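Student: Letter by letter, the chains look like this.
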Amino acid sequence: MSSNELQGYKKTLNSPYTGIKGWIDSRLPLIRMMEAEYLKFPVPKSLNYFWSFGGIAMFCLIGLILTGIFLGFHYKPSADDAFDSVERIMRDVSFGWLIRYLHANLVSFFFIATFIHIFRALYFGSYKAPRELVYIFGLTMFMLMMATAFLGYTLPWGQMSYWGATVITNLFSAIPVVGDAILTLLLGDFTVGDSAVNRFYVLHWLLAFAIVGLVVFHVITLHMTGSNNPTGTEPQSWDETVSFHPYVTIKDLNATIFFFIILAFILFYYPNILGHSDNYIKANPMVTPAHIVPEWYFLPFYAILRAIPDKLGGVIAMFSSILALGLLPWLDTSKVRSCLFRPIWRYCVLLFAVNFLILMYVGGKPAEGLYVLISRIGTAYWFLFIFVLAPLVGFLETPRQPLTITNYLQSKKA
Amino acid sequence: MSDSKKPRRDFIKLSAMTLGGVGAASLLIPFISSMNPGKDTLALASTEIDLSPLEEGQSLTVIWRGKPVFIKHRTKSEIDSARNISLEELPDAEEDSARVQKDNWLVVLGVCTHLGCVPLGQKASDTKGDYGGWFCPCHGSHYDTSGRIRKGPAPTNLPVPPYVFLTDNRIKIG
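Top to bottom, those sequences are chains A and B.
Positions 5 to 418 (this note's numbering) are the ones given, in order, by the first sequence.
Positions 27 to 200 (this note's numbering) are the ones given, in order, by the second sequence.
If you're looking for bench data, these hints aren't it; they were derived computationally from the structure.
The structure displayed is predicted, hence computed values, not measured ones.
The beta carbon of each residue, even a glycine, is placed where N, CA and C say it ideally should be.
Please note that a few of the clues may not be correct.
Claimed, not checked - Here are the simulated DSSO-like pairs of lysine-lysine, each with C-alpha atoms no more than 27 angstroms apart in a straight line:
id	chain 1	residue 1	chain 2	residue 2
1	A	Lys369	B	Lys177
2	B	Lys93	B	Lys128
3	B	Lys154	A	Lys369
4	B	Lys177	B	Lys149
5	B	Lys128	A	Lys286
6	A	Lys255	A	Lys416
7	A	Lys49	A	Lys255
8	B	Lys93	A	Lys80
9	B	Lys93	A	Lys286
10	B	Lys65	A	Lys80
Said to hold, decoys possible - Some chain B residues flagged as far from chain A (calculated, every beta-carbon gap over 12 angstroms):
id	residue
11	Lys32
12	Asp36
13	Gly49
14	Ile111
15	Glu120
16	Gln127
17	Leu192
Use the sequences and the hints to build the structure in full.
Tutor: In structure tokens:
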């Protein structure tokens, strides 16, 4: 074998740096990867503030993991100790109240950022080719997020924790024939109890780090295609891009600080406004609270669950509402990505967002009368949007010719 | 490698993969099995109850396997209302006589078959729903005086746990 053939083999040793930086980089090429992916990485120069919410969500995740580690130092996962250990964190542990309130409210803000992030993807067509996998990894993270949030909410072992856990785990009993056996297997007991809180705690940690792993995949796939932008057209030249640092880092930092000021306001003035007072009552397996309401970010999906009068049907509708969104890249038949240039689909997407908020509202109301009717209409539109409107509107509408990034920025200035 | 060797190599690969797959699948059994209730949990599986303090019309809630069990000393009118209906009216058709061992004693699991809440109706002050039995406040299921589902999202009747009368006034659940 000639030395020529071995040149590619030894590629990783040729670092562009010198000194200690070069010594490390030639052995662990992380420095050059970070420089290429985060400092010099080109992004379209037409990004608006909607593009900051991915970064904001990432900061929320980091905050949740840090506060979670410090809560874990004091929390005891057992049916006897869980509630008291959380009360001890609130009353006796130094700054325990702050760390717990931060953890609890960061989750809500994580969901706010994620909902806006997903809306951005729908409105500007970020889910369309070639970014399908970016979108799929995103939706997978969203589902893991919901699982992690649910598991975490059971840990304080209050009345809402306990009965929320009972209702949600009982969804598995809807599976024909083996449902009850699966439920017993998952809980390690015949009811939610000591065994469940122990394994929920372990899974809460495990899934949190699974999300971190998926963030890596989300970013790798994104960096293969580059960011989408409001026009939905790809940059035509280097002139239409800016480097990630300092342009995007500063902009995202600005948005993040603004976002966390709102969080700080809730945290210090209304720390319990997004929670439920019943969760300050210790879990009692013999008494069900009058109204079991899930956390606000589950309400749209809870509304879909209750809209279907059949137990198994409701469970299937709820889970498939998110799974079906994953089919959107293939069901949307339009060649144009951005809603800025799609006269009909634009209103379909906006209505989808409004419908999401309406479902959130009725999900928090008792399942009776008009609320049931509204939740059924909302559920119907959810699936109509994905399976009928997405393929059909692509054929029916005549989109405008999308602007290039340069023309778009000029038209905004004018 | 000559072509004649290929089927032999394929066979080795295939059988190695199959054996490896079977081995990996067998290894799953102890791990999945470990998630089930342990022997200590299963050992708590029976409860004995003295029924003598219960007057006609009164109810008692006891705990069996961590779940509430409703014991109801039924009145004559409650027994009649459970019996005087045709089975076609019931979403989960079941005779009242098949659900009790003695007509005046009803023993059912107090766990709503929809999503596991505890229905109301055990206390005199509780709302008992449209059929005089139990009402689940979570998603609005109504149960009759035999613990059968009559209205609402619950798919089946409140299940009857296994129990025996040890004497006239003493039962053992489980």
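Student: Would the hint linking B/Lys128 and A/Lys286 be met if the CA-CA limit is 27 angstroms?
Tutor: violated, 38 angstroms
Student: In terms of Cβ atoms, is chain A entirely out of 12 angstroms range of B/Glu120?
Tutor: holds, 18 angstroms
Student: Is B/Lys93 within 27 angstroms of A/Lys80, Cα to Cα?
Tutor: holds, 24 angstroms
Student: Quick one: work out the minimum CB distance from B/Gly49 to chain A and report holds if it exceeds 12 angstroms, violated otherwise.
Tutor: holds, 22 angstroms
Student: A/Lys255 and A/Lys416: Cα distance at most 27 angstroms?
Tutor: holds, 19 angstroms
Student: If you draw a straight line from the CA of B/Lys177 to the CA of B/Lys149, is it 27 angstroms or shorter?
Tutor: Satisfied, since the Cα-Cα distance of roughly 21 angstroms is no more than 27 angstroms.
Student: Just checking, B/Lys32 versus chain A, shortest CB gap more than 12 angstroms?
Tutor: holds, 28 angstroms
Student: Quick one: work out the minimum CB distance from B/Leu192 to chain A and report holds if it exceeds 12 angstroms, violated otherwise.
Tutor: holds, 23 angstroms
Student: Over 12 angstroms to the closest beta carbon of chain A is the bar; see if B/Ile111 clears it.
Tutor: Label holds. Min Cβ-Cβ 22 angstroms, cutoff 12 angstroms.
Student: Within 27 angstroms, alpha carbon to alpha carbon, are B/Lys93 and B/Lys128?
Tutor: holds, 23 angstroms
Student: Hinted pair, alpha-carbon criterion (27 angstroms max): B/Lys93, A/Lys286. Please report holds or violated.
Tutor: holds, 17 angstroms
Student: Hey, A/Lys49 versus A/Lys255, does the alpha-carbon distance stay inside 27 angstroms?
Tutor: holds, 12 angstroms
The structure fails hint 5 only (numbered hints given earlier).
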